[in-house]
Amino acid sequence: MYMDELIKMKAVCKNFGEIVALENVDFDLNANEVVGLLGDNGAGKSTLIKILTGVYPFDKGELLIKGNRIDPHTYSVRMAREFGIETVYQESSLGEKQPLWRNIFIGRHVTNWFGYIKVKQEKDETIDILRRLIGLKGAGISPDSFVGTLSGGERQGIAIGRAMYFQSEIIILDEPTTALSLKEVEKVLAFINMIKKNGKSCIYITHNIFHIYSVSDRFVILDRGKMVGNYRREELTLEELSEKLMVHARRE
Amino acid sequence: MVKTFFQRYVLQFGIFFVLIALLIIFMILSPSTFLSKRIYISFMSTIPFAAIMALGLTLVIISGDMDLSFPSVMAISGFTFSSLFLSTGNGLIALVLALFVGMIAGIVNGLIVVKVGVPSIIATIGMQFFWRGLTTLLCEGMSKNIVPIRNTLVHKIFVGRAGGMIPAQSIWFVIIAVYLWSLLNRHKFGDSIRFIGDNIKTARIMGINVDLIRILIFMQMGLLTSFSGILVCFEMANWWPTQGEGYMLLVFASVFIGGTSVFGGQGTIIGTSIGSIIIGIIEAGIISSGFSGFWTRLIYGIIVVASVSVYAVMTKKRAY
Chain A
1 MYMDELIKMK
11 AVCKNFGEIV
21 ALENVDFDLN
31 ANEVVGLLGD
41 NGAGKSTLIK
51 ILTGVYPFDK
61 GELLIKGNRI
71 DPHTYSVRMA
81 REFGIETVYQ
91 ESSLGEKQPL
101 WRNIFIGRHV
111 TNWFGYIKVK
121 QEKDETIDIL
131 RRLIGLKGAG
141 ISPDSFVGTL
151 SGGERQGIAI
161 GRAMYFQSEI
171 IILDEPTTAL
181 SLKEVEKVLA
191 FINMIKKNGK
201 SCIYITHNIF
211 HIYSVSDRFV
221 ILDRGKMVGN
231 YRREELTLEE
241 LSEKLMVHAR
251 RE
Chain B
1 MVKTFFQRYV
11 LQFGIFFVLI
21 ALLIIFMILS
31 PSTFLSKRIY
41 ISFMSTIPFA
51 AIMALGLTLV
61 IISGDMDLSF
71 PSVMAISGFT
81 FSSLFLSTGN
91 GLIALVLALF
101 VGMIAGIVNG
111 LIVVKVGVPS
121 IIATIGMQFF
131 WRGLTTLLCE
141 GMSKNIVPIR
151 NTLVHKIFVG
161 RAGGMIPAQS
171 IWFVIIAVYL
181 WSLLNRHKFG
191 DSIRFIGDNI
201 KTARIMGINV
211 DLIRILIFMQ
221 MGLLTSFSGI
231 LVCFEMANWW
241 PTQGEGYMLL
251 VFASVFIGGT
261 SVFGGQGTII
271 GTSIGSIIIG
281 IIEAGIISSG
291 FSGFWTRLIY
301 GIIVVASVSV
311 YAVMTKKRAY
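The listed protein sequences correspond, in order, to chains A and B. Per my numbering: the first sequence = residues 1 to 252. Per my numbering: the second sequence = residues 1 to 320.
Among the hints, a few may not be true.
[To be verified] If you want the ones that stay clear, here's a sample from chain A, every Cβ over 10 Å from chain B, calculated:
| id | residue |
| --- | --- |
| 1 | Glu96 |
| 2 | Lys197 |
| 3 | His211 |
[Stated by the list, open to error] Below, computed lysine-lysine pairings styled on BS3-like, alpha-carbon distance capped at 25 Å:
| id | chain 1 | residue 1 | chain 2 | residue 2 |
| --- | --- | --- | --- | --- |
| 4 | A | Lys66 | A | Lys183 |
| 5 | B | Lys188 | B | Lys115 |
| 6 | A | Lys123 | A | Lys197 |
| 7 | B | Lys188 | A | Lys123 |
| 8 | A | Lys66 | A | Lys50 |
| 9 | A | Lys120 | B | Lys188 |
| 10 | B | Lys188 | A | Lys118 |
| 11 | A | Lys50 | B | Lys188 |
The hints are simulated quantities; they were obtained by calculation from the structure and are not laboratory data. These numbers come from a predicted model, not from an experiment. Heads up, the beta-carbon is just placed ideally off N, CA and C, and yes, glycines get one too.
One chain only, chain A, in its complex shape (with noise of 0.2 Å):
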């Protein structure tokens, strides 16, 4: 292991031409730890994420991943993936028509030499993640199960097994809870509890804090590109973290 810290940033800024989108934005995630990102829209949340993911570059400040100082001239959303760093977003990360054990190796697949995929282990394997990493049991889901199938909630489950099973440390949840029903909200936050005893460490991004409180160590709360409060669950219940975040909202 390395050390406890996994991502620092130090005054980092964004500009989008006249657009301040960041400004010195001070951040860290530490091992094992479930964050959640909160703000408005335009906050601010997503250029962050998108910094972390090597979607852009920042302008000012300092990053360090795993102890390494990033250029970010030469970081790319390849080096984040090498450092472990993978975005499950609700859609577009799963192809519909395909069954699960295809979605789950898709562009890294078991093969002999001649790029034959070795389907029989991939299915068993499919089989250990859905019930070791993410804890989806039984309920009529079997390797050969197809995408379409599945409820918002369990495709969601699905990245996020994939995500695990292939290294990440880090897995960034975009809105993870946003347009689900009660049930598959549960879900959602079963698998940021799988997570987390995977000793993985996880981002998520929301405006919305009612549902996800209860699974996260802390909340970083952006506005208009400053971060504008950083607390730890024990510090505030969730009807003082949701005043905090109406302060913002109000403050227009």
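Got chain A sorted already, so can you dock chain B onto it with the hints?
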């Protein structure tokens, strides 16, 4: 609930039963024809030409693209083949260079679609005109008689009669079908094809080299089309300027009867193979049953519309 074997392959079983039903109907209506060996030998010699292109097209459509250029690619390849055979007298050299022309045609399609960004349906319509035009210019409207090819060894290898009976082109068809089946179902290349057609964004996110694979699929289609064109020249010992034109609709009908989705992401080699056989036996069946040949297209129409309607209804039920 884990799906049983039958439920998982219900589409293939369905289309297979349609084929069996048609054969039974034809056997009842025309026992003298359909209970004799000769008609099946004849099917084995004619069906592979369209079927090989249908197999290649299946992969193109699964990847979410379309190829409408194949009838003309067939013509330019057949032209290359017959011209080179006439000038060199060597069937093998003619074959290799004709395949090369087909491969180039496929790569050009791929580059226009992937690198320039023209939707494949439009790009390949354009290329269809281009290759047909070029062929017509080069041949000056004349067909090419290549009867001496019947005395060559390559002729025996590609369209000879194995064991004095089985047309070699049907064996080539089976080899190509097995190769494409294993590619689509067991190889990582086939996996990439499925995901590109299903959700191209996912394919990119998951690190698949989408551009390269799409070009390779077009290239493979070009090669298979060219191979089919060469087989036709071998079989007929002749090349003519409109070669390939009759295949357009038959090939599409075979693919869609076989259950391949026009939306990409799903389709089967077995389905297309059976679809090609159904399309291939209908005309002979209708005529030998005593109906006029004018019925053929009408029956094609009914079978195509009925099968794709069944697929559409099933898709709605299963959500895909």
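Status of each hint after checking the structure:
1. Glu96: Non-interface label on Glu96 (chain A) violated, nearest chain B Cβ at 6 Å vs cutoff 10 Å.
2. Lys197: Check passes; 25 Å lies beyond 10 Å.
3. His211: Holds, since 25 Å exceeds 10 Å.
4. A:Lys66 <-> A:Lys183: Since the Cα atoms of Lys66 (chain A) and Lys183 (chain A) sit roughly 36 Å apart, the hinted pair is violated (cutoff 25 Å).
5. B:Lys188 <-> B:Lys115: 23 Å, holds
6. A:Lys123 <-> A:Lys197: 24 Å, holds
7. B:Lys188 <-> A:Lys123: 15 Å, holds
8. A:Lys66 <-> A:Lys50: 17 Å, holds
9. A:Lys120 <-> B:Lys188: 14 Å, holds
10. B:Lys188 <-> A:Lys118: Cα-Cα ~10 Å, so holds.
11. A:Lys50 <-> B:Lys188: The hint is violated at about 30 Å.
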